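Order-wise, the sequence lines are chains W and V.
If you read the first sequence in my numbering, its first letter stands for residue 29, the second for the next number, and so on.
If you read the second sequence in my numbering, its first letter stands for residue 86, the second for the next number, and so on.
Since the hints were made in silico from the structure, they are not lab data.
What you are looking at is a predicted structure, and each value in this text was computed from that prediction instead of being measured.
Be aware that one or more of the hints could be misleading.
Said to hold, decoys possible - Below, simulated DSS-like cross-link-like pairs (lysine-lysine); rule was C-alpha separation at most 27 Å, straight line:
#, chain 1, residue 1, chain 2, residue 2
1, W, K269, V, K89
2, V, K383, W, K119
3, W, K96, V, K199
4, V, K91, W, K105
5, V, K89, W, K40
6, V, K284, W, K105
7, W, K134, V, K89
8, W, K99, V, K284
9, W, K94, V, K284
10, W, K99, V, K89
11, V, K383, W, K106
12, W, K172, V, K88
13, W, K96, V, K88
14, V, K91, W, K151
15, V, K89, W, K119
16, V, K89, W, K151
17, V, K91, W, K134
18, W, K199, V, K383
19, W, K172, V, K284
20, V, K199, W, K151
21, V, K88, W, K199
22, W, K119, V, K284
23, W, K275, W, K226
24, W, K226, W, K105
25, V, K199, W, K159
To be verified - Short derived list, chain V residues pointing at chain W, Cβ under 10 Å:
#, residue
26, K199
27, G200
28, D201
29, S259
30, A264
31, A274
32, A275
33, N281
34, D317
35, V345
36, S367
37, L368
38, L371
39, R375
Beta carbons are placed, not taken as given, at the ideal position from N, Cα and C, and that holds for glycine.
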Amino acid sequence: MSLLNAKDLVIKFGGLTAVSGFNLNIGENELIGLIGPNGAGKTTVFNMLTGVYQPTSGEIEIMGEKTKGLKPYELTKKQIARTFQNIRLFKQLSVIDNVKISFNYKISYGLFNCIFRLPGYYKEEERILQKSRELLKVFGLLEKENELATNLPYGEQRKLEIVRALAAEPKILLLDEPAAGMNPQETTELMKLINWIKEEFKISILLIEHDMKLVMGICQRLVVLDHGQVLAEGTPEKIKKDPKVIKAYLGEEVAV
Amino acid sequence: MNKKFKSAFLILIPILLVFAVLQSLISFEILNNYYTQILIVICINIILAVGLNMIIGFTGQLALGHAGFMSVGGYAAAILTLKLHLPFPIVLLAGGLVAALFGLIIGIPTLRLKGDYLAISTLGFGEIIRVLIINIDSLGGARGLAGIPKETNFAIVFFITVGIILIIRNLMTSSHGRAMLSVREDEIAAEAMGINTTKYKIMAFVMAAFFAGIAGGLYAHYFMFLDPKSFDFLKSTEILTFVVLGGMGSISGSALAATVLTILPEALRPIAEYRMVIYSASLILLMIFRPQGLLGTKELSSLKIFNFRKNNLMKVKKGGTKDVAA
């Protein structure tokens, strides 16, 4: 079954066509890489899929439902979550609060319950706390649950962003350059982590990345964007040998 | 259950103690009318400050027309008392609700704006409310509205203030409170994590307007007179000063600053001509040496003080046994 289906997406900003004729089909438990040179429109695609931008034409279906006109927070309910290219944590909040916020959209108590501290409030808060802690523990961040997000080292901030996105319990996770700014060793660890997340949480992951070692190593399928258009699509082996991709993005000598 | 009971106990006991002391001082006329009036104004200012702190400190939206909501609540409550002779609690609640309605009407269009633009548009709305009141003759116009019966006393103001602080505190330690904080921290990320940012901005705005309306009703029924001039831009700035100086995002900070800044000008009355100089100089100094405000984003609470002491005692004990072992 296809989780997400994007058909003929076009987005224009004034006279500029940023992305045109973009098609993508994400099935269950897939790991897909979206690559391409800077300015190719990769993040724009992410923004269309998550409702930040409305495509000028074309359609997006998530689990068979059209998402036209839905705001980003409404798309979270359709089980799609994302991270950002330039980390966007809630910097002045604690690590655990960053994670807890993702549970807000399906909170079971209302204003009345929380103002008068009825049992419903305590029960739900306890549940959220336990779930947040479980997630933090899995990612080795539990010892830092009370630290401010801004005080975490860079790599852990990236990790926390992934934890926060997973806390929203998505079926599709979009990662925007998760390895940006990481050293080779951290990147290798991240590679393993992403693969593990896919298997453990049984979700599909779409990731934008410039690190070819990471992308070629873990993705089952790659989509190459250039000047807002899909240049090629297929398995990493196929993409590696595609002359158009080599010319536009990889360069003549592929160092992978 | 026991723990919950204990924490409720630790919150209620200090509150009741403070009330008992102040109320008996007033009852035995150790504090005269002048001091009682200062106490009541402090409480009204605390309500205004903790309310505005919800918008500015927690949700991160710079709104500048808070005195407008106070005047709406004040006038609505006064008119209901004068024309319909309704009981005081109902009048207060109605004043708050009318102010909340204004908050909703003003909030929906203006909260689409950000930063400076929001500040200027809310400032404009605050002024519009004032000018409207001046031009409505049945509200007394520029002469003001007189003859409001005195219903407010210290006990009423005190418990309403405490109630509002507790409501805000309970809200801020819930998922809804965290959602408001996330709007302040990063609106785009909040939207992506499933937070309806518009809803939470309007929620904070309407609740703050509601509390300001109640403060207006209390004010009207204490001073027995409403003057549109007293709800001008300067009053809004004064409330903003409480929030900034107390530490944006701290309920106790806002309350503390409202208290200090209400007492300070009164305490300086003996040196009349230098009064405002010292007042403003202390504001400037505080902002230079403590730009995050008196309490920053931290909270003072009897619970924490209690836990802090307990933890320290435990540390001392642990340290002690170590020494023995060594």
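Check: Do the numbers back the hint for V/L368, that is, is its least Cβ distance to chain W under 10 Å?
Finding: 24 Å, violated
Notebook entry, point to check: If you draw a straight line from the CA of W/K96 to the CA of V/K88, is it 27 Å or shorter?
Noted result: The given pair, whose Cα atoms are some 49 Å apart, is violated under the 27 Å limit.
Next item on the list: Verify the proposed pairing of W/K275 with W/K226, using a straight-line Cα cut of 27 Å.
Entry: Violated: W/K275 and W/K226 sit about 31 Å apart, past 27 Å.
Notebook entry, point to check: Does the structure keep W/K269 and V/K89 at a Cα separation of 27 Å or less?
Noted result: Given pair W/K269, V/K89 is violated - Cα atoms ~65 Å apart, limit 27 Å.
Check: If you take the shortest Cβ to Cβ gap from V/K199 to chain W, is it below 10 Å?
Finding: At 16 Å from the nearest chain W Cβ, V/K199 fails the 10 Å test, so the hint is violated.
Check: Is the straight-line distance between the alpha-carbon of W/K199 and that of V/K383 27 Å or less?
Finding: 37 Å, violated
Notebook entry, point to check: Given the hint that W/K172 pairs with V/K284, does the C-alpha gap stay at or below 27 Å?
Noted result: 31 Å, violated
Check: Minimum Cβ distance from V/A274 to chain W below 10 Å?
Finding: Hint on V/A274: holds, closest Cβ of chain W at ~4 Å, below 10 Å.
Check: Going straight from one Cα to the other, do V/K284 and W/K105 come out at no more than 27 Å?
Finding: 16 Å, holds
Note to self: Using the nearest Cβ pair, does V/R375 come within less than 10 Å of chain W?
What the structure shows: With a minimum Cβ separation of about 17 Å from chain W (threshold 10 Å), the hint on V/R375 is violated.
Next item on the list: Would you check the hint for V/K383 and W/K119, treating anything up to 27 Å between C-alpha atoms as holding?
Entry: OK: V/K383 and W/K119 at ~15 Å, within 27 Å.
Check: For the pair supplied as a hint, W/K96 and V/K199, is the alpha-carbon distance within the 27 Å limit?
Finding: 26 Å, holds
Of the numbered hints given earlier, the model fails hints 1, 4, 5, 10, 11, 13, 15, 17, 18, 19, 20, 21, 23, 25, 26, 27, 28, 34, 35, 36, 37, 38 and 39; all others are met.
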